[in-house]
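Colleague: Work from the hints to combine the two standalone chains into their complex.
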Amino acid sequence: MNLVVQSVGFGLVTASVLALASVGLTLQFGVTNYINFAYGTYLVLAAYFTMALSTRAHLPFLLAAVLACLAMGVVAVGIAKGVMQHFVSRQAPLFYLLIVTFGLSLIIENLVQAIWGPGFQTYNIAVGSPLNLGPFSLTPIQLIIIGLAVVAMVAIHLMLSRTSLGKAMRAMSDNKDLAQVSGIDTERITTWTWFITGCLAGLAGIALTVTTVSFNPASADSFLFVIFAAVILGGIGRPYGAMAAAAILGIVTEVSAVVVSSTYKDDIAFVALVVVLLLRPQGLIATRGKA
Amino acid sequence: MDLILPYIATLAIFFFVYNILTWGLNIQFGYAGVLDFTFITFVACGAYFSGVFALGPGQKSTGFEWILGLSWPFPIALVMGALAAGLLGIVIGLIAVNRLRSDYMAIVTLATGTVIYGLVSNYTPLFDGFDGLAGLQTPFSQWLNINYNQFTYLWVGFCAVVMVICWFIAQRILNSPLGRTMRAIREDQEAAEAFGKDSFRVRLIAMSMGAVLAGVGGALLMGFIGAFNPAGWTSGETFVVWAALIVGGRGNNWGGVVGSFVVAVLVNEATRYIPPIPGNATLIPTVRNMLIGASLIAVLWLRPEGIIPEARRRFYQLPLLPGRRTPAEGMGSAGS
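Line by line, the protein sequences give chains V and H. Everything in the first sequence is counted per our numbering, starting at 7 for the first residue and increasing by one. Everything in the second sequence is counted per our numbering, starting at 8 for the first residue and increasing by one.
Extracted from the complex, chain H is given alone in its bound form (with noise of 0.2 Å):
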C-alpha cells in the first residue's frame, strides 16, 4: 500500500500533464491543421523558464549557472513559463506557418527544435546545458510543511485543478468564432480567406495557445521532478503527444483524454517501471519508442480519425434544400 498509492498518484499526475499537452497540440493541429514536429520544444520552455523564475539565482563557481533566478512562488513561475513559452510560439509560428505548403511547417518546426536543442544543450549560461536545470525545492514548501509523499498527492489535486482550467480553455477555443475559423482554415484555406479570414494571424494564435498550454504541462513537470535537462525533450518525446493526439482522435478534446491516457500512460509511463531485462537496459524503452511509432502508423492505416473521432457538426438546413457535405465526412478532416 505505501508503494502503489504513490505510484498511482505518479501516474496521475502524468496523465494529468498529459491531457493538457494532447489539448494544446490538439489546438495547434487539431483544430487548425498546423503541423508542429517540435511540440516538445514549448513543454521545454515552459519548464525552462518555470524553472528559473522559481528557483535561486545559479552561481558559475558551483557549476549551476542559468539566468534570472529570481526565487519566485512556484504557481507566478508557471504563469511565466507558459507565457514564454507562448512567445515561443509565436516566434517559431512566425517563420513556419507562413508557408503554403504543410511539408514547409513541418520542416521548419522541426529544424527549429533541433536549433533550439543544440543552443540550449551547448550554451550553458542559459539553463546549464546538458547538465539542466536542478535543485528546485518542492511547491508550496515554503507554506506547508509535508513530506514527499504528501507533496505528491497535494501535486495530483494542483495538477487536476490546473488541467480543468486548461479544459474549459481548450474547449473555450474550440466552441468560439475563433475555433471555428480555426478548423474552416485547417479545412479549406483558400476559401477561409476568400471570406476574409486572415489565416496567417488565425494559425499563428492557434500555434501561440496550443504553446501556452504545453509551458503549462511542462511547468507541471518542472515542479513535479523539480530538475530539468535536455535528455528530458529529445525529439521522440514529441511523438507521444502526436501518438496520443491521433490514436484518442484529433479535433475533439475528449479524444485528446483517451490517447493520452492510451499512450502516455499506458504505454509511455506505466513502461518505465517495467524492470530492466538484465545485459540489455535500453531495451524496454526502444521497444516503447518502436510500439509508438507503430501505433501512429497504424491508426492513420486504420481509423485514420482516432478512437473518437471529430463530431460531426449539424447545421439547420431548409427541408427542400439538396444536402450539402460537411467537411468530417471523406477520408480527411485537416488540409492539406
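In isolation and in its complexed conformation, chain V is listed as follows (with noise of 0.2 Å):
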C-alpha cells in the first residue's frame, strides 16, 4: 500500500511533465488544427541546448534551462515559417503536413545525433536527497518540477482567459475562418502559438530529461505517444482537457508501474489512448467539429 502512495507521488512528477508537453502540443494543435509529429524531437533539442550551454559553455543551470526554452521556441517559429507555411498556405491535403513533421522529427534527432552524438548525455546538477513530505518522498528537483508545471499552467490559464492573445488564440481554435473575418491577425497568432509551444516544449523536455537523469537523441521517442494520449483524451485544442489528461495519465502510469512492471508503463498509456478512440474519440471534452 505504501509503495502505491508512494508511486502517486511520482505519478504527481510525470503528470507535471506531460501536462507542460501535452498542454503545449495541444493549443498548437488547436490553433493550426494539424498534429507535429515532430513534437518529440523538440523536447530532446531543448534538452540538448540546455546541456550545452550549461556543461560545455559553463552557464548556470538556470539561466541555460531559459534561454534554451526561449531559444526552442525561436526554433519552432522558424521550423512554422520555414516548412509548415509551405504546406498551409497552399491548403495542401492534410496529410501533407503529417508526413512533413513526419520527416522534420527524423531530420531533428539524426541532427541531434550527428552533432552530439548518439551517447547518453547527462546534466552537470546535483539530484539531492528525496525528502519525506507526508506519505511522499521526493527529491527537490522534482517538487521544483511539480511547483513548475504548476506555474506554468496557471500562466497559460491566465493567458488564455485574461489577454488577448488568448482570446485570439481561443477564437481560431473554434473557427480559423471566423477568427479571420472577425479582424484578427491570424498568422501573428499562429507566430505567437508556435513560440508559446516551442517554449512548453522546451520546458517539458527539460523536465523529462532531468527527471531521467540521463538522455539520448532518442529519449521522447516512446514519451510522444503518451503526449498524443493526454491531447486526444483531454480534446484536441482543449489545453485544460489536456491539464486534466494528463493529471489522470501521468498518476495512473505510474501507479500501474508497481502493479505491472516499469516496463510495460508507457503501454498502459496506449491501452487509455485506444480505449478513449474507440469510446470517446471526442475526448473527455468535446469539441465540435474536431473529432
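Keep in mind that a hint or two might mislead.
To be verified - If you anchor each label on the Cβ, the simulated ranges turn out as follows:
(1) V/Pro-124 / H/Tyr-160: 28 to 38 Å
(2) H/Ala-288 / V/Ala-63: 25 to 35 Å
(3) H/Asp-205 / V/Gly-153: 44 to 54 Å
To be clear, the hints were calculated from the coordinates, so they are not data collected in a lab. Cβ atoms here follow ideal geometry from the backbone N, Cα and C, with glycine treated the same way.
Modeller: In C-alpha cells form, the structure reads like this:
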C-alpha cells in the first residue's frame, strides 16, 4: 500500500512533465489544426540546448534552461515559417503536413545525433536526496518540476482567459475563418502559438530529462505518444482537458508500474489511448467539428 | 569480380524486397489513403513469424528462446509470416481505420508500433527480446548443396519470382473494382459512403493486404540474413519505405519501383558499404537518415505527385456534356 502511495508521488512528477508537454502540443494542434509529429524531437532538442549551454558553455543551469526554452520557441517558429507555412498557405491536404512533420522528426533527431553523438548525456546538477513529505518521498528537483508545472499551468490559464492573444488563440481554435473575418491577425497569432509551443516543449523536455537523469537523441520517442494520448484524452485543442488528462495519465501510469512492471508503463498509456479512441474519440471535453 | 558480383546480387535482393514493401505501403496509402506510420512493424511481423516457423525450437537454457520453432521448409514459413502480418494488419486496422480524421490513423499506427516494439524487445519468450532470432539455416540448404555465394544468387532468383507474384497481386487489386473503391474512398470518403461503399471494411482490407506484402518482404529478408532483431526495425526504417513511395509516386506501382530504386537501393543500402569516417562512425547513417527525411519534404514541396505521377483515368464521356474534373487533378490526390 505504501508503495502505491509512493508511486502517486512519482505520478505527480510524470503528470507535471506530461502537462507541460501536452498543453504545448494541444494549443498548437487547436490553432493550426494539424498535429506535429516532430514535437517529441523538440523536447529532446531543448534538452541538448540546455546541456550544451550549461556543461559546455558553463552557464548556470537555470539560465541555460531559460535560454534553451526561448531558443526552442524561436526554432519552432522558424520551422513553422520555413517549412510548414509553405504547405499551409497552399492548402495542401492534411496528410502532407503529417508526412512533413514525420520527416522533420527524422531530420531533427539525426541532426542532434550528428552534433552531439548517439550516446547518453547527463546534466551537471545534483539531483539531491529525497525529502519525506507526508506519505511521499520526492527529491528537491522533482518538487521544483511539480511547482514549475503548476506555475506554467496558471500562466497558461491567465494568458488564455485574460489576454487578447489568448482570446484570439481560443477564437482561432474554434473557427479559424470566423476569427479571420472578425479582424484577428491569424498569421501573427499562429506565430505566437508556435513560439509558446516551442517554449513549453522546451520546458517539458528539460523537465523530462532531469527526471530521467540521462538522455539520448531518442529519449522522447516513446514519450511522444503518451503526449498524444493526453492530448486526445483531453480533447484536441483543449488545454484544460490536456491538463486533466495529463494528471490522470501521469498518476495511472506510475501506479500501474507498481502493479505490472515499469517496463510496460507506456503500454498503459497506450491502452488508455485506444479505449478513448474507441469509446469517446472527441475526448473528455468534446470539441465540435474536431473529432 | 569475386566481390562485385555478390555485392550487386545483395543490392538486387534489397531492390526486389523494397519493391514489394513499397507496393504494400502503396496499397495502404496510395490506393486507400490509410496513413500507416508503422509499416515496418508488419515487415518485422513477417520476418519474425517466418523465422519461428522455419527455425528449430528455441531452448531457454542456451539463451535462445522463441515461440513455435517448427522447422518447417522456408517457403511455407514465408506464407505463414505473410499471413501473420496480414492478421496484425487487421488488428491494428480495427483501431486505426475506424476514425474520421487521418491524423488519428497516423497517431494510432505510430503508437501501436511503438508499443509492439517495446513488447517484442522486452518480453524475451516471444522472439528472444533484444537479441532477436538468429541461426536460421540458409533456405533450401536441406535440398541443395550450395555455398553462401551460390545461395545469394539463388536468393536473387527466388526474390524475383516472389516479387513478380506480388506485382500481379498489387496490379490486380489496383485495377479491380475493389481498387477503384479504395481510390474513391481516398478521394472522398463521404461521397463513397453515399454510394453505399463500406469505407471501414475496404480500408481494413487495404491495411491487411498491404501488411501481407510487408510480411512477404520481411520473410525474404529473414531468409536472406538468417537473423532478425529489434535493431532492424526501428521507426526510422518506416521512413525509408515512405520516402520510396512518396519520391517514386504513389497510386501506381511503377512509381514504387522507381522510388525503391532511388531511395532504398541508392541512398539507403548502397551507402551502407561506404567505409565509416574514422572517429565518427555514426555520421554516415545519420546523414543518410537526414537525407531520407529531407527527400520526403522536398518531393512534397516541389513535386508532390512524385517522379511517376498516378495516371489520370479517362472515362468515356458524351461529346456534348461539359467536361468533368477528374480526382487526379489539383494539388492533392488523397483524402484529408
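Colleague: All hints are to be evaluated individually against the structure, with a verdict given for each.
Modeller: Hints and how they fare:
1. Taking the beta carbon of each, V/Pro-124 and H/Tyr-160 are about 36 Å apart, inside 28 to 38 Å as hinted.
2. Against the hinted window of 25 to 35 Å, the Cβ-Cβ separation of H/Ala-288 and V/Ala-63 comes to about 27 Å, which satisfies the hint.
3. The supplied range of 44 to 54 Å is met by H/Asp-205 and V/Gly-153, whose beta-carbon atoms lie about 52 Å from each other.
The structure agrees with every numbered hint stated previously.
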